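Work the whole structure out from these sequences, hints included.
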Amino acid sequence: TLSAINPRIIYAEASAYGLKGPDAGGPGYDVLAQAFSGIMQSEGIMRRGVPRMIRTTPFVDFATGYAIVQSVCAALYYREKSGRGQKIETSLLANAMTTLSGHLARIPGHPTKPQRWYDEDLPMLQEAGLSYNELNGLYYQARWFPSAMLIYYRPYLTKAGLIAVACLSDPLRKRMADCVGFEDRRFQPGYDLEEPESVEFADDLLVRVEELIVEKTSEDWLRLFHGAGVPAMPVQFVEGLLDNEQAQANDLVIEQDHHAAGKMQLVGPNANFSDTPLDAVLPSPALGQHTAEILGEAGYSGDEITALLESGAALG
Numbered sequence: 296t297l298s299a300i301n302p303r304i305i306y307a308e309a310s311a312y313g314l315k316g317p318d319a320g321g322p323g324y325d326v327l328a329q330a331f332s333g334i335m336q337s338e339g340i341m342r343r344g345v346p347r348m349i350r351t352t353p354f355v356d357f358a359t360g361y362a363i364v365q366s367v368c369a370a371l372y373y374r375e376k377s378g379r380g381q382k383i384e385t386s387l388l389a390n391a392m393t394t395l396s397g398h399l400a401r402i403p404g405h406p407t408k409p410q411r412w413y414d415e416d417l418p419m420l421q422e423a424g425l426s427y428n429e430l431n432g433l434y435y436q437a438r439w440f441p442s443a444m445l446i447y448y449r450p451y452l453t454k455a456g457l458i459a460v461a462c463l464s465d466p467l468r469k470r471m472a473d474c475v476g477f478e479d480r481r482f483q484p485g486y487d488l489e490e491p492e493s494v495e496f497a498d499d500l501l502v503r504v505e506e507l508i509v510e511k512t513s514e515d516w517l518r519l520f521h522g523a524g525v526p527a528m529p530v531q532f533v534e535g536l537l538d539n540e541q542a543q544a545n546d547l548v549i550e551q552d553h554h555a556a557g558k559m560q561l562v563g564p565n566a567n568f569s570d571t572p573l574d575a576v577l578p579s580p581a582l583g584q585h586t587a588e589i590l591g592e593a594g595y596s597g598d599e600i601t602a603l604l605e606s607g608a609a610l611g
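In our numbering, the protein residues as written are 296 to 611.
Careful, some of the hints might be misleading.
To be verified - Below 35 Å or equal to it, Euclidean Cα-Cα: the simulated DSBU-like pairs (lysine-lysine) are:
hint : residue 1 : residue 2
1    : Lys469    : Lys511
2    : Lys315    : Lys382
3    : Lys315    : Lys376
4    : Lys511    : Lys454
5    : Lys408    : Lys315
6    : Lys469    : Lys408
7    : Lys469    : Lys454
Stated by the list, open to error - For each label pair, taking beta carbons as the anchor points, the in silico distance ranges come out as:
hint : residue 1 : residue 2 : range
8    : Trp439    : Leu399    : 17 to 23 Å
9    : Gly597    : Thr571    : 18 to 24 Å
10   : Leu433    : Phe357    : 30 to 36 Å
Rather than coming from a laboratory, the hints here were simulated on the basis of the structure. Values in this document were obtained by computation on a predicted structure and should not be read as measured data. The beta carbon of each residue, even a glycine, is placed where N, CA and C say it ideally should be.
Next comes the structure, spelled out in structure tokens:
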């Protein structure tokens, strides 16, 4: 192995589904990882009769990239201490499951309602020939999210635009209720959000809160919420971020001169280092731009490099 030649080498390998098991060697694409892991289905967004993929960004790909970086950094630290490198293995599946870790936990003998539906109801429903749309609807009934929880953690339509609120503790929820001007029974002693009476109340309250919030603009609500310490932000379009004052103030927008496109605005480094600042001064290279340089570092002579390029064996 390579470690026999150089015991300090660190080798990172990312596969689609891992190097063992029946799907080892399978095709590795973000959309396939979303499908295989259940992420695509769990979003519950249907389009033309099938689940819609998360398409704004290939987040499983990105999560896997971050995992590689973190793992290599840890291996570098271990090598600094021990003098030895090691092999690192990760996969799209591993990182998709990591992002789902809040849902992928179960206690033997105590299945959740969605797990019982999956184990007991789904096989019979599939055998009965229900369509995917019908199965998806029943699955979401099993995964019921009470309105009492949705009131305080969701986007809302306003008189002009949309905002999102994120109140995950009762003190924050109470601040929001006071700001908007509604009474919620959840703050009463002995409240049980799963009781039928509580469910009906929360369903009605959710509609009422929507009616109240749509009476003011996003700007008005953000001013009120921020003044009261209620976590809230506007819902924005991706295309506006490069001109966003907050993003620019934190050096998240940079300019580069691209060899083909000319001057471009791009996303800058996502971390700032106090002693070793990051400067993304060079754009991504053109295809084959550094071929000759790399071949030279590998020990090829100028004539050999020229011959490789002219024959088409190398691109540059």
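Okay, the hints, checked on the actual structure:
In summary, the hint linking Lys469 to Lys511 is supported, as the alpha carbons are separated by about 20 Å, within the 35 Å threshold. The hinted pair formed by Lys315 and Lys382 meets the criterion: a straight-line CA distance of about 16 Å does not exceed 35 Å. Straight-line distance between C-alpha atoms of Lys315 and Lys376 comes to about 30 Å, which keeps the hinted pair within the 35 Å bound. The suggested pairing of Lys511 with Lys454 holds, with an alpha-carbon distance near 5 Å, which does not exceed 35 Å.
For the given pair, Lys408 sits about 31 Å from Lys315 by alpha-carbon distance, which is consistent with the 35 Å threshold. Between the alpha carbons of Lys469 and Lys408 the distance comes to roughly 29 Å, so the proposed pair stays at or under 35 Å and holds. With a CA separation close to 23 Å, the supplied pair Lys469 and Lys454 stays within the 35 Å bound. Checked against the hint of 17 to 23 Å, the pair Trp439 and Leu399 passes, with Cβ atoms roughly 19 Å apart.
With their beta carbons about 35 Å apart, Gly597 and Thr571 fall outside the hinted range of 18 to 24 Å. Checked against the hint of 30 to 36 Å, the pair Leu433 and Phe357 passes, with Cβ atoms roughly 32 Å apart.
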